[in-house]
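**Student:** The listed protein sequences correspond, in order, to chains P and G. Sequence positions in the first sequence follow the working numbering and run 431 to 781. Sequence positions in the second sequence follow the working numbering and run 87 to 707.
Be a bit skeptical, because a hint or two may be false.
[Stated by the list, open to error] In silico DSBU-like links for lysine-lysine, alpha-carbon gap of 30 Å or less:
| id | chain 1 | residue 1 | chain 2 | residue 2 |
| --- | --- | --- | --- | --- |
| 1 | P | K775 | G | K358 |
| 2 | P | K775 | G | K266 |
| 3 | P | K589 | P | K577 |
| 4 | P | K781 | G | K266 |
| 5 | G | K493 | P | K764 |
| 6 | P | K745 | P | K717 |
Worth flagging that the hints you see were computed from the coordinates, not collected in a lab.
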Amino acid sequence: MTYIVKPKNHHPLLERNELGLTRRDYEGAVSTLCAGCGHDSISSAIVEACFQLSIESYKVAKLSGIGCSSKAPAYFLNQSHGFNSVHGRMPSVATGAAMANHELLYLGVSGDGDSASIGIGQFIHCARRQVNMTYIVENNGTYGLTKGQFSATNDLESKSKYGDDNLFPSIDLPSMAIQLGASFVARGFSGDKDQLVPLLKAAIAHKGFSFLDIISPCVTFNNHNTSTKSYDYIREHNDSLAKPDFVPLGKEITANYEEGSSIEVPLHDGSLLSLEKLSEDYDPQDKISAIKSIQESQRDNKVTTGLLYVNPDAKDLKEILNVSDTPLNAMGSKDLCPGSEELSKINLSLK
Amino acid sequence: MGYAEFSLSGSKSLLMSKISSINDFVIKFANVNGSGSASANQTFAKGVFRSGIPVSPKNIFPSNIQGLPTWFEVRVNEKGYLGRREGIDIAVAMNPQSYRQDVADLKQGGYLIYDSSWKRDFGRDDINIIEIPLTKLCVQEFSNPKQRLLFKNLGYVGLLASILEMDKEIYIVLIEEQFKGKEKLIEPNVKALNIGYKYAEDNFKEFCEIKVKNSNKTEGLILTSGNDAAGLGCVYGGATVCAWYPITPSTSLAESFDKYSEKFRVEVGTDKNKYAFIQAEDELAAMGMTIGANWNGARAFTATSGPGVSLMSEFIGLAYFAEVPAVLFNVQRGGPSTGMPTRTQQSDLLSCAYASHGDTKHIMLIPSDPKECFEFAVEAFDLAERYQTPVIVLLDLDLGMNDWSSKEFQWNDLKEYDRGKVLSKEDLDEIEEFGRYLDVDGDGVPYRTYPGTHPQKGAYFTRGTSHDEYARYTEDGAKNAEVLSRLTKKFQTASSTVPAPIFNQEASTSSIGVIYFGSTDCSMQEALDNLKDQNIDIDAMRIRSFPFNLEVWEFIEEHDLLFIIEQNRDGQMRTLLMAEGGIIPDKLVSILCFDGQPITASFITNKINAHISGIPSVAAS
Ligand SMILES: Cc1ncc(C[n+]2csc(CCOP(=O)(O)OP(=O)(O)O)c2C)c(N)n1
Ligand code: SF4
Ligand SMILES: [Mg+2]
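The shape of chain P in the complex, shown without the other chains (with noise of 0.2 Å):
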């Protein structure tokens, strides 16, 4: 693999956002994942949502682990700074980046064997602390980058390309993230556009954890008739709670919803959650209902999709700690170091 520049010649017709950029503005490297990788769907769905929430690229930063997945970040965003961690880390050096600068965007992808197995204690802990960050997880159901092995988020009865059985059942993502107080979580499918760019944007916009898990599938190793992470199986099996609409502040809601089959969740910068209901009784506000759902479609052989939680109100890490507005990382020695004279008054205190 080697590192290819995209030629970058903006066609004079390209739709432009408010701050007059193209999507072009808003790609990366040109990606060398295989082709048909859900991945590669997932970095242009990022591309669309940042481009029409016209976000200054610099003001973001990209973080993500080892893996297949963790790899996209080098495909969206140039302007924006990266970091590509260690394997299942990227939790943690996400949460020590937020607290050094709240003023950023920070944008976290990681993979399924990266956030389900190895990384999994660190995930725990940063949806639990609320970093405020938009975290995902790019789901193929198993290890891509070491060639195909069983991943802790393959159901039970998905056999391998193989034919060998999984084991083990699997660990659900969400469920999990709504359980440790994650104010956000959806999930989505590569595939599906439409949907998965609404809920990026709302993601991004919300303020605290927000957690996305995407079903992405692995054309190489996870994609054959007996997988129940494939492109076909999802879309038979796909449960969509909702069609989700991201409207941001100022704007007017234009789609058409027939009366009381709508839910409005406004979002702490005054962006609005538009959401047209596609089961009677869904409350994204309640994190009961949420889990019930996600179990009730799981029983059936469903994959529910959509935003399954949201709280707008829930503090974020740096809120609890009780940080101060200006970020750390603008502090200088005037503004951290007490100085001679309380050094000697500390002196006097151990004699």
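Got chain P; can you put chain G with the ligands on it based on the hints?
**Tutor:** Chain G with the ligands in isolation, oriented as in the chain P frame:
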């Protein structure tokens, strides 16, 4: 050797022999863990310190919360020798469980103080027994069952003040200071002190021939621990993020940072914190947070001990290779594995110098007293940012957790932090091309940018995979080798700016040298004086950092034979010197103490003596 001489009072028999000395003795308290004795013992030591005599209290505690035996040893020494000394002059035996050992450790002519509410025959007629029925006295004087137990501790402090002929007022003031804000508690505590004091005045007037006499040898000194000092150093050094996971003996370092931050780092007006203190889920996460925060331009650190360093190793390698600053304190304890969590060693030298897989090397700072812990904490952040690499500060349990009579802390208000080569937006505007790993200045140290600095320039992809000068992934072996070589160059650049060794030699005339480091310093000083008294002159060098400066190599070059004093089994500093400097092994003789107790001067002296008595030309004349 100057301490604790015998006098035969009367002239009847050895039975009456008493150790007599002024301002020079070792007292050992034997208590039950969790009985509240620690604070009373500390108070005793501080009282002697306030009398103007340097002390070195050492807590010898089990890895247990309640019930097991625990000891507290205080060396009192007017000359300022603060290393541990073998042999106990006074034993305060408050734990029947350990009577046997405590009595056996007592020197001939020493004094045994015990709670004679239950009388005992200790089977030794060469020691002096001071009986005080502490339990009975406390039951008489206090009605609250908790107080009856707790106040036995201050009771024996009162007794000691009397028999050592100390100024009791010092202890009353100490009690008043301790309970400032809880005035109600002062009266019963003073009462407890007086119970012991009065009992001794009535029954043991002029019995003990060991005395504490007011002196002035603590001028310019403070009594504090290395961990407390290092935590304070982090506040002064501008650290804003501390991520850590509890482990003895490093916990109190992180807690010290928190304590001083609560005091100095709360924003006026908003009451918000100018720091983040995060107890991580494990050491991996603690290191990850430290790296993430430093990457993003905040000064961040973690504190741990050997087992934590093992867990952090993968991350340490990432910080080394991706060139992210990070500060790590390793307060060493007895290894390997979980080892002796509450005992001291210097056995993580190699695991820190080369922590992580692949070719890695790390800057290490090795302080020897609390003042240096404070200074090296500050220095560590400057070095980490200057060289964009992990810096490991190595303390040990003895230095970290025990109070030392140390020189006062100093601060120069003109000091600016050295944030290293960081490009601002303006800098980026001016330069044509930014390459994160370009060696622009030829010193092996590239320029970095913080995320969010410039809308178009300066973004790069930090990675632990092989990369070129522009931080792009590459599988070109030659490119990767270039990066590795530059990292070596960077390390060499660092060798001239890390703290230089300290030499202890008036004229370097001897052909013999001794090399030591860290907490060994206090015992070394005493050992060198002892050897000098025996007409053995040795040049001494205290190593304070890794990579080794030129002066280290020169010192080794100038001497034919070098003793290397270490508190580990394998002579890790010796290995490091051999590996890094190609030194002939025969030249370096190890003197190793690894029983978990702080090394003593007599141990060093005896070992050196034994070795050189086999070398005719330098044998004692
Ligand atoms: C400590 C460590 N152990 C093992 C590996 C090898 N490894 C690299 S990626 C990976 C699994 C990645 O799976 P996942 O996170 O699901 O990513 P995917 O490739 O499927 O997108 C493993 C085991 C490693 N890099 N580091
Ligand atoms: S191996 Fe699978 S996960 Fe990895 S790039 Fe190929 S398709 Fe994607
Ligand atoms: Mg995977």
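**Student:** Could you tell me which of the numbered hints above are not met by this structure, giving the numbers in increasing order?
**Tutor:** Of the numbered hints, all hold.
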